[in-house]
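Peer 1: This is what each chain is made of:
2 protein chains.
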Amino acid sequence: MNNFETIETRVAQVRAELAMQELDAFIIPHDDEHLGEYIPAYAERLDWVTGFNGSAGLAILLADRAALFVDGRYTVQARMQAPASLFEFLHLIEQPHVQWLAEQLPAGARVGFDPRLHSLTWYRTAQAVLADHGIELVRVTENPIDLHWHDRPAAGKAPVILYSEALAGQSSEAKRELLASDLRKRGLDAVLLTQAEPINWLLNVRGRDIERLPVVLGFAVLYANSTMDFFVDTDKLDCFAFNQHVGQDVSVYPIDKLGDVLQRIGEDQQKVLADPNTANAWTQLIMEDAGAMLVAGLDPTMLPKACKNDIELSGIRAAHLRDGVAMTRFLAWLDRLIASGEFEGVDEGTLAEQVEAFRREQAHYVEPSFDTISALGPNAAMCHYRHTNGTPRLFGQDSLYLVDSGGQYLDGTTDITRTVKVGDVRDEHKAMFTRVLQGHIALDQVRFPHGTAGIQLDVLARLPLWQAGYNYDHGTGHGVGHFLSVHEGPQRIAPKGSMVALQPGMVLSNEPGYYREDGFGIRCENLVVVTELEPVGELPMLGFERLTYVPFDTRLIDRSLLSPAEFRWINEYHAEVYRRLSPLLEGEDLSWLEQATSLI
Amino acid sequence: MNNFETIETRVAQVRAELAMQELDAFIIPHDDEHLGEYIPAYAERLDWVTGFNGSAGLAILLADRAALFVDGRYTVQARMQAPASLFEFLHLIEQPHVQWLAEQLPAGARVGFDPRLHSLTWYRTAQAVLADHGIELVRVTENPIDLHWHDRPAAGKAPVILYSEALAGQSSEAKRELLASDLRKRGLDAVLLTQAEPINWLLNVRGRDIERLPVVLGFAVLYANSTMDFFVDTDKLDCFAFNQHVGQDVSVYPIDKLGDVLQRIGEDQQKVLADPNTANAWTQLIMEDAGAMLVAGLDPTMLPKACKNDIELSGIRAAHLRDGVAMTRFLAWLDRLIASGEFEGVDEGTLAEQVEAFRREQAHYVEPSFDTISALGPNAAMCHYRHTNGTPRLFGQDSLYLVDSGGQYLDGTTDITRTVKVGDVRDEHKAMFTRVLQGHIALDQVRFPHGTAGIQLDVLARLPLWQAGYNYDHGTGHGVGHFLSVHEGPQRIAPKGSMVALQPGMVLSNEPGYYREDGFGIRCENLVVVTELEPVGELPMLGFERLTYVPFDTRLIDRSLLSPAEFRWINEYHAEVYRRLSPLLEGEDLSWLEQATSLI
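Line order of the protein sequences matches chains A and B.
The numbering of the first sequence is UniProt numbering, which starts it at 1 and goes up by one.
The numbering of the second sequence is UniProt numbering, which starts it at 1 and goes up by one.
Don't read these hints as lab results, they were simulated from the structure.
The beta carbon of each residue, even a glycine, is placed where N, CA and C say it ideally should be.
Be a bit skeptical, because a hint or two may be false.
Just a few of them, taken from the derived set where beta-carbon distance is under 7 Å, the chain A residues facing chain B [to be verified]:
no.: 1; residue: Val138
no.: 2; residue: Phe448
no.: 3; residue: His450
no.: 4; residue: Gln467
no.: 5; residue: Gly537
Take the sequences, apply the hints, and build the full model.
Peer 2: Laid out in structure tokens, this is it:
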């Protein structure tokens, strides 16, 4: 971690740079130029200039003051990492930063920003708000931080993974032609793609440029005639093999040619689809300034990428089976650890490493799909707890342990949460666990007509908690990619969530929870896939096929709260867990599984 | 009904008028200048020119052709009422009429419209679409229909009802000051109000200008200093008594002064809030053209009007009790009719009249809150069936009867649907009735946290149907006014429904249904009010207090489908029905109630 003196020096360097460029302020978001959830080390500008290394935030440097905006997850961490002598700490959501900035500066002021690191929507809104106050928003051509970040990590050079059709289930040509024909139908000439997942999905490639997200970073333009320009660090690929893989109508360019190509597209007055919320301002403004007509719209890869094909689903099911073996071995190991009584020095970190160790033994395992949440007792009450942000809590003093983890396998991405008994439990622990599980079961069992959106189903997972006067403050389900991001849209099950209809092949988490501040935390999470059900009644109906098969801790169930249908669900689920996993386990692990899946 | 020759003459007259004004087309919506759900007889221009008298639709006359746009409810009725020799029949939703118009006319064409009868949003969109095709949208100053409609009904002269604070629960002054202080906070000078319900609510007045909606029609402007201009047919009120009632800072103007005042507001360059979706284009364009700054926003009366105060709720409860007596007497009468075997000549119309007759005997009854749906057998499968649109079906041949009706009482508005056994029923009738009732019960019983919107709860009413492979194609709950419209926003429980949070005091219907085409129809509807619940657990929760107490037909229940909690709900509901209604009934009606509410 940077110490405070280093931060002071860096802030001074950036301020000197601003003075030279006659800027009164500069905005430093956490985002990189792809505006995705994860960023590579060389893009951690916010960390470099503030010391704060959380996954979301934004800083603003003025000549004589500075502010760091973070959300509720990071209020403590930000104060620990960034010097209060330099930064005011403000709330990212409750204190809109552009409004704040407008109030700090006089009319005539000039605010710098790097157009590569902000969406076009941000730019248009910020420009309008600042203009109302007579303040100018100035695009910098070179980021002042980059000029002074001398020990900046180099970008990775991990080679592009040519992801076979046997895993992807559809050729890149077929995907491109599908999108291109849609462009033609809409009278569009091209679509700009700037996020990693759409491009990697569309080209059937993967990479190792970011931790947790197995992608190669780049930019792309797909044209209505199905040809495509791909902008990437060309050191990462063998062009001949790449074009063999994706087809000859994909042209590879080094990333620094992106501007020239966008300029040419503009000069040709093309009609270009781009998502102003996810594509950076720089790429779109180059085109627009040169004469292109920008058509704002959702990234057209989102929906086809979300609806997994049969081959992808086979891979996802296989990955979940292996992941189930790893998780089950971990849970068995954990019970043996408790039984042994020998857990001196064991802490949340030890447990997380053990989960990872079991996953590493599984075929096709690549890396965790996100940083494991390994939380004992009160730590589990913080939804986004990371034991690595402080001193991990020691094992042995708590009733409940919550572990939320997942794996990137070559054939699929997993995400599972189990809450387990690791000490004496009270009736209240059992009652709350049971209500969470009841919500999980209700959502798992729903049948719904075509056209139903996630926002409509969310209540099913909450109802057992609501009826007892409780709730949880997060969504119930997020989309999950196929050996891609563990968080993907457009599908989502949440109170304010997506209005997009759930469609066959969409993978989602089902993860209700309950959090008692300073007490304990509970979450029950499986992944499911939307599927056509056998018809009954008169309408074709959709439902969820379960992907995750790992025992829930039946020692935490309050049987008096369960309906006969819920008893049946639990016993049938565990019978199926046993049927699937028992051939893949042996010895103590197998005996543990037998007991863990026995009838309740 | 007009015969086809009359329609031909009228269309020819309007076409001649269009030719004189050099217009190539003219658009005739169903709406009047208030753009509300109900319109007075003198505003039935669409009926006059087409013969079609449904509650929604739009016609377009061109020089040599014409089209009538109606929605799925009215496809049959429109073809019966409007001459096919003159009109093409198009779908109001699936065939956007502006797009259609743009395709019929050459560039340079001129399309006339009456800006009083369209919203500003419609105008802006239509103008943009037509301009894309080089077509001009021309505001007519005098509606060509009005010029030729010589036997046009006069507007009613029913006097304004000064609605007492004892019924309204809050003075008009207090309501106006609340809204005005919000205008001041938002830096606005005024708000334009054009719909009947907001104005009648705000001034604590009612009227008899429209059937089914007890309002006086008018326009109003509320200013940030709490003064108000009210534009109304001044014959309808005694100005002295009116100002005694509403306070001295409301100025009354005849309606024809509206333009002058809006013009002056514009010239004063005021910042005026108006809802471009519900206020007509004419009112807003006058202001804008004269220099006003229009601020588009939701009508600010919507939310306070929807959240009923304690006095309003007392009235609503009392009205429901009387309405329950009327409905129960009707249901008892119906069973006696069946038992008598003497129902020759009885049809859906007879039954509807009988419902109305029992309501008329109740204190404070004014009129039906909407046209009664009285539907036997297959007719009930049409959600919006009206026996008055054709030959009413004769009683005696069907299994089920559906009656959806409501009353306007001086102290509240009711809306109730019951489905009852009127012949031999099959297991399937019982299974479907039971599933509908289970959905009704689930929604009735939900507890939900503050911030929950209707769209989140809708699924609860559908789940028992979905799980069996069925659904219904309408929303589950609409808002209901207080001696005002039986349909009000912003609250709504529906799949695509309102994102507005449900708040204490909001009245809603709970009306799941099931419709078997050409077979039968089922709906179970009570009204409920959102209320704070006694706290359990750790969060304050909201829930529904039932307003409607009338027996459900337990002869239609398939007990094998019910959970213990559902049995309990039905028996507790019926015990409460008995407790409330038995003191108000006697003789055969009381014995019927006793049997109808006995334990199942």
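Peer 1: Holds or violated: His450/A as interface residue toward chain B, Cβ cutoff 7 Å?
Peer 2: Violated, because the Cβ-Cβ distance from His450/A to chain B comes to roughly 10 Å (cut-off 7 Å).
Peer 1: Once the shortest beta carbon distance from Gln467/A to chain B is found, is it less than 7 Å?
Peer 2: holds (5 Å)
Peer 1: Taking the least C-beta to C-beta distance, is Val138/A closer than 7 Å to chain B?
Peer 2: Hint violated; Val138/A Cβ to chain B Cβ min 29 Å, cut 7 Å.
Peer 1: How about Gly537/A: closest beta carbon in chain B under 7 Å, or not?
Peer 2: Holds. Min distance 2 Å.
Peer 1: Answer holds if the nearest beta-carbon of chain B is closer than 7 Å to that of Phe448/A; otherwise answer violated.
Peer 2: holds (6 Å)
Comparing the model with each earlier hint shows violations of hints 1, 3; every other hint is respected.
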